[in-house]
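S.K.: In my numbering, the protein residues as written are 652 to 1134.
In short, the hints are calculated from the structure, not lab data. Beta carbons: idealized from backbone N, C-alpha and C, even for Gly. Some hints could be false.
[To be verified] Here are the simulated DSS-like cross-link-like pairs (lysine-lysine), alpha carbons at most 30 Å apart as the crow flies: (1) K781 - K725; (2) K937 - K881; (3) K736 - K725; (4) K725 - K658; (5) K881 - K1009; (6) K1009 - K925; (7) K1107 - K1009; (8) K985 - K937.
[As the list claims (entries may be wrong)] Distance windows between CB atoms, simulated: (9) W689 - G1021: 37 to 45 Å; (10) Q1027 - E1127: 35 to 43 Å; (11) E1127 - A1013: 21 to 29 Å; (12) I778 - R693: 29 to 37 Å; (13) L951 - S659: 21 to 29 Å; (14) H1046 - L987: 18 to 26 Å; (15) T1099 - N999: 26 to 34 Å; (16) S966 - S1063: 40 to 48 Å; (17) D722 - G678: 17 to 25 Å.
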Amino acid sequence: MLVDTFKSDTLLENKLSILHYLILHSGHMDTASELILWQSERPFTLGYPQMLKEYLIATSYAAVQRTLPTDANKLINLLPITSQKIGFEYEIQQDEYIINLSQDVLWNASMMLLSPQQRIVPYRTDIWVKLWEQLAKLSKGTQRFKPSQVVEKLMVSLVCYQPEVLSRCSTPLSPSGGASSTLNDFLSNQCNKRNQVDALPFFEIDSCTASKQEHIISVNLRELSMHLLKQSTENRMNKWQWQSQTPMHVHAVATRYITAQLDQSRQLCQLLCKAATYEPRLEMDKGFIFINNLSDERRLIFFTILEKYYLATESIAFPVPQGFSSFFTFLGYKTLGFDMFMQYVNRNVFELQVDVMKIIMADTDNSKAGIQAKLQMLTALPRSRAKRLLNQWSHPISLMLRAREHSLNILSGVAGPPLGRSQGARRNKGYRGLTAFPSNENMSPLDTFLDLLTAKASLTDIDFGLLIEATEASMEEAMMNAK
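Sequences and hints are given; from them, build the entire structure.
M.R.: Shown next, in the form of structure tokens:
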């Protein structure tokens, strides 16, 4: 009956409630997963991302509930349990009449419900007893952790997030030892637990020094730990309930919840890839090769579903599996037009990491439009990443840009040679040096410019080869344009 109601044209709130009930109260995880698969066949439904959010939050809570030690169970009431807001308002119009339905939490449960002691059959567990218990918890002043707290922090920190500047040792994960299973062990052993059945269509590894996944995990862990500690120590009304909750209990709950977030996020990603017709036992390729071999129709299906998955995880600050960002970026590059693709990049939906940029640069031709596209992508990157990719791009434009930056650094007083000296162009064509620009008075523009540079820096700091090759490339380009 619940499955039929979910598949009918019912309200979004009813569908969310059905998912919540199946996951947390009846324990029918398989049925909830089947409903997500069914809904994934209709990814353009407005409430689809909201259903994915409810699935992530509910399954994470259920996973912690199953593994939490009994002496720390008081803290579970502070974890997020649903994506729905408390209270509900709905307005419908029938002919000339407008009906407004509103729902809110009871201010005092004892005014509307009988306590368990007042029942004809005391302490018999039914829906009304459960309602009493839940309302009693809400009236005791404790507040559940809200994912929006982490989202607000990430809105600030991700603006200045630079993986090249960070390292894994600077990211606070979980201290070793203690009563809880550490997040660090979970991350390190995660790849060992994978098998062919639940494999994802991409390699679960990030090429950057400090991944965005790790940054989100660290912010989640910090904010949740602070919330649990604050609520368990500053609740004056019912302080006796929290006396047994030590900081180690806080750490145990926070670590288990963050671990559940990552695990359930991966499970949902695997489920949605299955909905997008990915069968790991039949597919031979993974990663970028898998995307290249997809038909345009399958590519669009994959992108549509994974875009909703990204929207759901981003809105509640859930980490995505390692390798997802680069896979999703290249999938978007192959699916969307370039202008639309750059809009996603500029709004930080797509991440141009080194691995995906290398294959995009190789996939883009060296026509005039292709070069403009490459330069547009390079300018959207952090400076250090753009310089690294520019050094690996064997094209005259790369030589000229690197030479200009090298000259600017010298004239600005920045000491040190450029990142990687030019060698490829010398092998590709005859290297002539200063003889490329002969002058009877030895006062060609290049000579004058080199004299200016040597006056500002020592000879060891100047890459003469790069400057001369860039000048040759610039002259050749000017001659070709003149023709």
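S.K.: If you test the structure against every hint from before, which numbers come out violated?
M.R.: As far as the earlier hints go, 2, 4, 5, 7, 10, 15 are violated by this structure, in ascending order.
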